[in-house]
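Novice: For the sequence shown, full-length UniProt numbering begins at 1 and goes up steadily by one.
Don't read these hints as lab results, they were simulated from the structure. For glycine and all other residues, C-beta sits at the position ideal for the given N, C-alpha and C. Be aware that one or more of the hints could be misleading.
Here are the computed distance ranges between Cβ atoms for each label pair [as the list claims (entries may be wrong)]: (1) 74 with 314: 53 to 61 Å; (2) 381 with 57: 42 to 50 Å; (3) 74 with 269: 19 to 27 Å; (4) 86 with 378: 50 to 58 Å; (5) 377 with 199: 33 to 41 Å; (6) 378 with 297: 31 to 39 Å; (7) 265 with 201: 35 to 43 Å; (8) 378 with 91: 43 to 51 Å; (9) 314 with 271: 43 to 51 Å; (10) 50 with 265: 52 to 60 Å; (11) 271 with 199: 31 to 39 Å; (12) 301 with 34: 37 to 45 Å.
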Amino acid sequence: MAIVQFSRQARAIPPNVFERMDRTVAAARARSIDVIDLSKGNPDGFPDAAVRRIAREAVDAPGNARYTPFDGKPGYLAAAAAWYRREHGVVLDPARQLFAVEGAVDGLACAFQVLLDPGDSVAMVDPYYPSYHCMARMLSAREELLPARADLGWLPDLDAVSGDTWDRTKLLVLNYPNNPTGAQAPHGFLAKAVELAHRHRFAILHDFAYAGLSVSEPQPSLLSIDGAQDVALEIVSLSKMGSMAGWRAGFVAGNEELVHAVKQYHYQMGSMVTSFVQDAASYVLESGTEEVQRLARRYARRRATVTTGLGALGYDVFDAPGGLYAWIGAPHGTDGAGLSAQWLEEAGVAVLDGACFGRAGRGYVRMSLLQPNSRLAEAVSRIATSCNTPAAAALSAASSTTW
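Work the whole structure out from these sequences, hints included.
Specialist: What follows is the structure, encoded as structure tokens:
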């Protein structure tokens, strides 16, 4: 028994679904199952050679052994501003509208803290990245779930949300390209969200962790929408587009007052981004889109392998326009928990139960595309040969029919 009672926040923390899945995979491997782990969003890529060279040189710079500026190195913030201007036509003041953070979750946690009090309503699209739920729960905030619909490309119908719901909303959380579905939000959808924020006086937080990683049409920045800089924060991560998840770099951008509030919280509760990482990330942001586009094409090929392969087996796979995951419907008669357990035990393929991402995910699983194409093809092959797939079940039912 603990010698003290833990805080309300500590008692409110739900299990981390990714850590729990790590233990599930480890247990399967301990039983001698050869697991292809497609449950995590951990990039298998490696920063470009030029990026690594910049990082090595930065490590040897004596000044980089010291603390970095609280807001971020001026060169890093300038590079982020240049990226916004070049990629999205968005003009930002680096000193007032940008702030360096150690990846998207760091920025998200700060934004939740400065915007929500106990009892405040936070609206989020269901399915959602699990940390949104965890942060809301720790703050005793009220969650308003906006169900995404398959027939709308896994977007919610914002017009179907009642005025009363919008009136009590303090914060709307968006995430496009989306984790877990891979959905993207077109300009009109984002413009509607901004219009609602102005009308009902709430803030918008856009998790832009998968910026640049689209199949064809790029995902617009929320800050490119007229009026967004009055009501919104956007959080960008270098983890995916820079293949530097282990280095931890990102930035918060948007409305000056909101960015200032995040800064003040982070000054007290956070750590500055590592100096050499900022230098390397600056190079990524300044070096154009060629490397990010190469990554996007790689993930598009991997998506095609999974979508075509599982589709041929009878699975319903969302033809996602972006992101790093395949969103797969469970066959009739089972759910995401059952399908993920079957694939792990019978095929040695680890995916996440869609229920980890909210109520709307209960009939789905999320498969990561962050393994080489050959490994993804092997996963599909294992499922085809080891599991009772929808196509096999339909064939069996047809052959057993008597006339």
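Novice: None of the hints should be skipped; say for each whether it holds.
Specialist: Now for the hints, and whether the structure bears them out:
no., hint, verdict
1, 74 with 314: 53 to 61 Å, "holds, 55 Å"
2, 381 with 57: 42 to 50 Å, "holds, 44 Å"
3, 74 with 269: 19 to 27 Å, "holds, 23 Å"
4, 86 with 378: 50 to 58 Å, "violated, 39 Å"
5, 377 with 199: 33 to 41 Å, "violated, 49 Å"
6, 378 with 297: 31 to 39 Å, "violated, 21 Å"
7, 265 with 201: 35 to 43 Å, "violated, 22 Å"
8, 378 with 91: 43 to 51 Å, "holds, 47 Å"
9, 314 with 271: 43 to 51 Å, "holds, 49 Å"
10, 50 with 265: 52 to 60 Å, "violated, 35 Å"
11, 271 with 199: 31 to 39 Å, "holds, 38 Å"
12, 301 with 34: 37 to 45 Å, "violated, 24 Å"
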